[in-house]
Each structure stands twice: as C-alpha cells, then as structure tokens.
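2 protein chains.
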Amino acid sequence: MYKAQTIQQHFQVSYQYPVIFSRNIFNPENEELIGILRHGSAKAVLVIETAIRECHPGILREINNYFKVHGLHCEVLVIPGGEAIKNEPAYIEEVLTFIHEHRIDRHSYLIAVGGGALLDAVGYAAAIAHRGIRLIRVPTTVLSQNDSGVGVKNSVNHFGKKNFLGTFSPPYAVINDAVFLESLDDRNWRSGIAEAVKVALIKDKVFFDWISANVEALNNRDMTLMEQLVFRCAELHIEHIGTAGDPFEKGSSRPLDFGHWAAHKLECLSGYQLLHGEAVAIGIALDTVYSRLTGRLNAMEVFRVLDCLKALGFEIFHPMLLEEHSLEIHPQLFRGLEEFREHLGGELTIMLLEEIGKGEEVQEMSHTILSEAVQYLLKSSSVFNDNPILIQQSL
Amino acid sequence: MYKAQTIQQHFQVSYQYPVIFSRNIFNPENEELIGILRHGSAKAVLVIETAIRECHPGILREINNYFKVHGLHCEVLVIPGGEAIKNEPAYIEEVLTFIHEHRIDRHSYLIAVGGGALLDAVGYAAAIAHRGIRLIRVPTTVLSQNDSGVGVKNSVNHFGKKNFLGTFSPPYAVINDAVFLESLDDRNWRSGIAEAVKVALIKDKVFFDWISANVEALNNRDMTLMEQLVFRCAELHIEHIGTAGDPFEKGSSRPLDFGHWAAHKLECLSGYQLLHGEAVAIGIALDTVYSRLTGRLNAMEVFRVLDCLKALGFEIFHPMLLEEHSLEIHPQLFRGLEEFREHLGGELTIMLLEEIGKGEEVQEMSHTILSEAVQYLLKSSSVFNDNPILIQQSL
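Protein sequence lines correspond, in order, to chains A and B.
With the numbering used here, the residue at position 264 of the first sequence is 264, and numbering never jumps.
With the numbering used here, the residue at position 22 of the second sequence is 22, and numbering never jumps.
What the hints contain is simulated information worked out from the structure, not anything from laboratory work.
Treat each hint with caution, since some may be false.
Pairs count within a copy or across copies, as identical chains cannot be separated in the list.
Claimed, not checked - Straight-line Cα separation of at most 25 Å, DSS-like style, residue types lysine-lysine; simulated pairs:
1) Lys43 / Lys250
2) Lys43 / Lys162
3) Lys250 / Lys162
4) Lys161 / Lys43
The structure presented is a predicted model; accordingly, all values stated were derived computationally and were not measured.
Sequences are here, hints too, so could you generate the full structure?
So this is what it looks like as structure tokens:
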C-alpha cells in the first residue's frame with residue numbers, strides 16, 4: 001500500500017464585537033453609531049424593516065439627517081420583516097443586489113434595523129456577500145435586543161425547514177436602542193420576555209425572582225424595568241456564547257435552547273401565527289412540567305414557572321400540542337424532537353430544569369411522559385377553563 | 001444625553017483539519033477516508049464531477065464498493081464542474097436538495113470529488129446548509145490539490161462577479177489522491193503548476209529553483225515529481241493560512257494572490273476560455289515585469305521567471321492585455337485593480353517581487369508602467385514572433 005503523508009492544519013480566529021445599550025441612536029448628538037463607522041472606510045448602507053418606518057414616520061428623515069450631520073452618505077433600503085423575509089428568497093436577492101450596486105466591500109458597513117427575522121435574513125445576505133461584509137445590527141424588538149440580535153447566527157428558511165440555510169458570523173457591532181421598544185404592540189412587547197424567563201430558568205434564579213416580582217410593572221410597560229430585563233438577558237446570552245466553549249455549535253448541545261424544540265415546531269404548525277416568544281413560553285411550560293414528571297424540580301417550582309408565564313399574559317397551551325380526538329402529544333410535534341436533533345446532528349440533547357436557575361441536559365424524551373405533560377398544561381391553562389369540549393375530551 | 005452601556009463580546013474559535021496525500025483512496029484497502037468518517041455519525045453523501053466519472057468509467061462502482069466493504073451506505077450525486085457550476089444557481093439548489101433529502105446534518109459528511117470550481121460551489125452549499133455540515137474535499141486537479149482545495153474558502157459567482165458569494169469555512173478534511181492527476185489533459189496538468197511557481201516566487205527560492213530544474217520532467221508528466229510539487233505547494237499554502245495571522249482575510253492584504261488581480265480579470269474577459277492557472281501565469285509574468293520596472297528584481301531574475309513559465313508551456317501574453325489599436329493596458333483589465341481592492345475592501349494592496357522567493361506589498365500601481373509591462377510581455381511572447389501585425393502595432 002502507498003504510504004500516505006498528512007499535513008495537519010490548525011489555527012485560531014479571534015472574534016470580538018461590542019453590544020451597546022443606548023437611546024435615540026439616530027439623534028445627531030448620539031455618537032455610538034458614528035463612532036463605529038469611523039473605524040472603516042466609512043461607506044455604509046442601511047436596511048430597515050417596513051414596519052419600523054410605519055411606526056416611526058419620521059425615521060427615514062432622521063436617519064438621513066444623522067448621516068448628513070456627520071458628513072456621510074447612506075443609502076437606505078426598506079424591506080418587510082417577520083417570517084416573510086426568511087421564507088422568500090427574492091428578499092435575500094434584493095439585499096444582495098443592494099450590496100452589489102452600492103459597491104459595499106468587506107471594510108464597508110451594512111446597518112440592519114429591525115426585528116429578529118429581518119436581522120436573521122439581512123445578516124445572512126451580509127455574511128455571504130464577499131464572504132462577509134461588516135454588519136451592524138440595530139435590533140428593534142425585545143426578542144432581538146435580548147437574545148437573537150446579540151448572538152452569532154443568521155439564517156433563512158428553505159425546503160419548509162426553519163433556518164435551514166445560514167452561517168455563524170459574528171456581527172461587527174450591535175446597538176440596542178430602547179426607544180424602539182416603546183412602539184411595540186403588547187404581543188411583541190411580551191413575546192421577548194419569554195427568552196428572559198428561559199435564560200433565567202437555566203442560569204440565574206435571582207433573575208427569575210426579579211422577573212416574577214416585576215410582572216405587573218412589565219405588563220404596565222415600565223421602560224426602566226424593561227431596559228434592565230433586556231440588559232440582563234442579553235448579558236447572560238453574550239456570556240454563554242463567549243465562555244461556554246462552543247460558540248459555533250460544533251457539538252450536539254444547545255444549552256440556550258431550553259423549551260425550543262417544541263417552540264420551533266409549534267411556530268411552524270401554527271403557520272407562524274404564534275410569535276416566537278409565544279411559542280417559547282409554551283415550550284418552557286412543557287419542558288418544565290416534563291422536568292417535574294421525570295423527577296426534577298419540585299411542585300412549587302413548577303407552579304412558580306407556570307404562574308409567572310401566565311401572569312405575563314402567555315398562553316401555556318396550544319391546540320396543536322395534542323393529537324386530535326386523543327390525549328397523546330401531537331405526532332408532528334413529537335417529530336420536532338428529531339428535527340431538533342437533526343439540525344445540530346449527533347445525539348439528541350435536550351435541556352431540562354434540575355431546579356430554577358439550573359439546567360440539566362438529557363439524551364431522550366419519553367412519548368408517554370410528554371403526553372402526560374401536555375395534558376397537565378391543558379388542565380392548567382385558561383383554554384381548558386373556557387372550553388367544556390376540551391374538558392370532556394381530557395377526562 | 002442618555003449614558004450608554006456596552007458589553008464587549010470576545011471569544012476564539014479553533015479550526016483544524018488534516019490534508020492527506022494518498023493514492024487510490026477508493027480502494028477498499030485504503031483506510032484514509034473511512035478513518036475520517038468513523039469520527040462522526042458515519043452518514044455520508046458524495047458529490048462527484050461529471051468529467052471525473054467520464055475519465056474514470058469504473059469510479060462509481062468503485063465508490064459504491066468502497067462503502068459497502070466498510071459497511072456504510074453512501075448516496076452519490078453527479079454534477080458538472082468548471083465555471084458552469086459557479087455561474088448557475090440551479091446547481092447549488094441541486095446540491096442543497098441532495099443534502100436536505102438525505103437528511104445530512106452537522107455531524108454527517110459531504111464528500112466532494114472534483115476540480116477547484118466544483119469544490120468551491122459544493123463547499124458553499126455545504127457551508128450554508130444547517131450553518132455548515134462536514135465537508136471532505138477530494139480535489140482532482142493539480143490546481144485544487146496544491147492551492148484552492150487545501151484552503152478555507154468557498155464561493156460562487158453572482159451579478160457577473162467572480163466569487164461574489166461565499167464564506168470562509170475550513171473543511172473537515174482534505175484528501176489528495178495523486179491518481180486523479182494521471183488522467184488530466186496537458187492543459188489542466190500544466191495549469192496547476194502556475195500556483196506552484198507563484199508561491200515559490202513569493203516565499204521559497206529553493207522551490208523555484210527546483211521547479212526550473214525539473215521543467216522537462218514535469219512536461220513529460222513525471223508523476224513522482226508532480227506529487228512532490230503538489231506537496232510542497234500545498235504545504236506553503238497551508239503554512240501561510242495557518243501562521244500569517246489573517247486566515248479569514250479581515251485585512252486588506254492577500255499575500256498569496258501574487259499575479260491574481262490581472263488573472264481574475266483575464267479569466268473573465270476571456271469568457272473563461274483561459275484556465276485559472278493559464279491566467280495566473282500571465283498575471284505572474286505581468287507583475288514580475290512590473291516589479292522590475294519599478295526598481296525591484298534584477299533583469300536576470302525576470303528572464304528566469306519568464307523562461308520558466310514559457311518552458312512549462314504557458315503563454316505570457318494575451319490579446320486582452322492591450323487596448324485595441326493602442327499600446328496601453330486594456331481599460332477593463334486596469335479596472336480589475338479596483339475590483340480586486342473592492343473584494344477585500346480597504347486599501348489596494350498588491351504583491352510584487354523584491355527578489356525571487358521574496359514578495360513585497362505595494363499600495364498602488366501605475367497605469368503608465370503597467371502599459372510598459374504589457375508591451376514588454378508582448379515583445380517577449382511567442383504571439384509577437386508569430387504575428388507581424390502585432391509587431392507593427394507595437395512599434
């Protein structure tokens with residue numbers, strides 16, 4: 001046999017980016033954005049979500065004025081956000097054309113202003129153009145400011161699979177502007193809080209206690225509390241990505257994805273009628289009850305979690321959890337476990353709760369116990385109390 | 001003004017992969033490939049270039065037998081290579097569909113067998129599916145075995161721009177099988193040698209001397225010498241990527257791209273009739289003469305470089321170098337400098353030769369001196385001697 005020779009390649013790449021928490025970032029006196037742009041060739045284009053322009057009628061004028069005052073030119077593209085931009089390849093092509101036509105290179109900037117879906121999709125275009133141009137994310141929702149927008153991923157949907165296409169590409173910078181949160185409707189305001197509950201439950205009991213104690217003020221849209229919530233939640237996510245040793249998910253574990261296997265599937269099964277955070281709240285509820293049914297957590301802790309979610313205004317049950325005319329978990333939802341495994345590959349790894357503030361990973365989930373957990377959620381939910389047919393069905 | 005807070009994210013990611021030099025890798029007794037597959041979930045699919053199947057009629061049977069002997073199943077997709085696969089998005093969609101349908105996840109393998117263009121395009125699909133599945137490259141040409149196939153990039157063309165879309169995504173492993181080189185036609189055999197001349201000129205005078213001394217044997221297709229050439233050239237590229245500090249090209253410098261600004265543009269201007277290596281040979285000749293005209297290199301060194309290229313059978317002149325009815329550099333070619341700059345962004349950075357074996361970067365190129373360099377190449381080339389009209393034009 002021919003004797004093979006091998007050269008072993010190995011190197012390290014350092015990544016760093018600031019996550020800035022500010023207000024009114026397009027006010028000319030605010031120098032956060034311009035401070036970043038001055039590092040490079042200063043050429044910049046901006047992509048903004050249609051809904052943001054509609055909620056903030058003066059924003060395009062304000063943006064243009066900002067760049068003018070600072071002596072820079074900035075072209076703007078307005079494009080829809082939400083799951084639509086992730087489902088429709090034509091939008092990605094539109095962003096790529098924008099990058100191409102304005103001759104944005106690896107030392108120029110794409111500033112993306114919008115919710116998590118827009119940032120995912122525009123970030124994907126930025127990551128593949130010229131093998132990666134500089135992306136400045138300006139997340140405009142609670143969810144994107146405290147979770148997805150501060151992370152290292154981007155993606156679009158393909159073949160009907162959520163996030164089938166994407167890359168791991170850290171942004172150049174993230175700027176969270178709290179003012180955008182003021183114009184969110186109640187559903188979107190609430191939705192992002194689910195990720196704060198999630199990360200508190202697996203990492204920080206003090207933070208969970210704080211959320212529980214402040215439910216009413218959060219529901220009354222106290223901005224100071226919301227800014228604190230966003231900051232702590234973002235900080236926990238950033239810390240995890242930076243220190244847990246697997247920022248680009250080479251392994252099979254997704255410790256930040258507590259409650260997410262069911263959430264991803266429910267979003268899809270609801271035809272994206274459920275917001276991500278609403279689906280995550282149900283996913284958290286399901287895996288919390290499952291944790292208890294498999295000997296983790298105590299009963300009081302389960303009540304605390306479910307009560308907190310309900311007090312925040314989340315539903316903890318959805319009809320797609322149960323198979324029709326049955327008390328078993330919906331077969332398509334159950335299949336979500338395998339899809340969740342497949343996305344990372346390797347062994348199935350699901351985060352459960354050992355106690356509030358402490359997660360524990362397991363390698364399998366029981367169909368029977370999941371069905372029991374779903375039934376428990378049905379009985380604990382407002383849906384149950386309002387619907388005699390469901391009561392009858394569950395007996 | 002609102003006081004902003006900042007969280008600074010920073011982390012490092014380690015990359016490593018083996019580059020294996022072997023023979024007959026689909027012979028069941030050769031354990032290189034199977035040794036790699038055993039690290040994962042062992043699910044694998046293979047994409048192979050149409051031309052390889054045509055040159056090696058038994059190869060699909062051999063591949064199927066290889067996996068069967070080792071107790072594995074492996075689906076195969078046959079697809080065209082060359083610039084066609086990089087220009088046509090439908091081929092990327094075909095590879096993505098193949099990945100999707102066979103449920104390849106991040107712990108499964110995509111084995112890509114073909115030349116540089118196929119590896120670029122299939123590698124791109126592998127990099128964006130599930131944010132990156134494991135790619136094993138099996139390069140089949142001199143060029144891909146000694147240069148592109150051992151590196152960290154992938155790409156496709158878009159908006160008529162070469163490599164407009166792509167990512168930096170190190171492969172899981174590279175296996176160079178020397179047997180594939182035996183079936184290359186003379187043009188493709190020769191083409192890859194241009195990258196060895198290139199890297200020798202900027203980094204390793206001993207290697208350049210070795211190539212010059214072995215031109216005749218290489219032209220006579222001595223396999224032992226070619227394997228040595230491929231190994232040393234690959235080694236120099238791997239070493240540079242691993243140790244020069246900028247594997248993902250965050251800066252403006254592309255030290256390995258000596259001769260490439262003109263080569264990229266010439267490939268395109270020739271409608272891809274010029275092979276990459278053929279264009280690189282002309283680009284090397286141009287920047288070598290330019291180096292001399294700007295006070296670098298001595299005249300004897302210029303003769304050595306041009307003689308080596310010509311002895312290997314390369315043309316060192318192409319009609320697209322000169323503007324029609326003029327002795328000035330072709331304006332479209334000159335514009336290639338700006339496109340080269342734009343791809344990386346930042347300041348223009350071009351590698352020239354200080355002496356054989358030692359490169360030197362400059363930040364500008366003179367239109368006048370480039371025109372002189374092109375005229376010099378015209379006069380030094382066989383095209384000139386065979387074409388009285390060109391002689392007349394050049395006087």
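Hint check:
Taking identical chains as interchangeable, the C-alpha atoms of lysine 43 and lysine 250 lie at most 25 Å apart only when they sit on different chains, with a minimum of 16 Å there against 34 Å within one chain. Proximity of lysine 43 and lysine 162 under a CA criterion of 25 Å is satisfied inter-copy only: 22 Å between copies versus 33 Å inside one chain copy. Taking identical chains as interchangeable, the C-alpha atoms of lysine 250 and lysine 162 lie at most 25 Å apart only when both belong to the same chain, with a minimum of 19 Å there against 30 Å between chains. Only between protomers do lysine 161 and lysine 43 lie at most 25 Å apart by alpha-carbon distance; the minimum there is 20 Å, versus 35 Å within a single protomer.
The structure meets every hint from the earlier list without exception.
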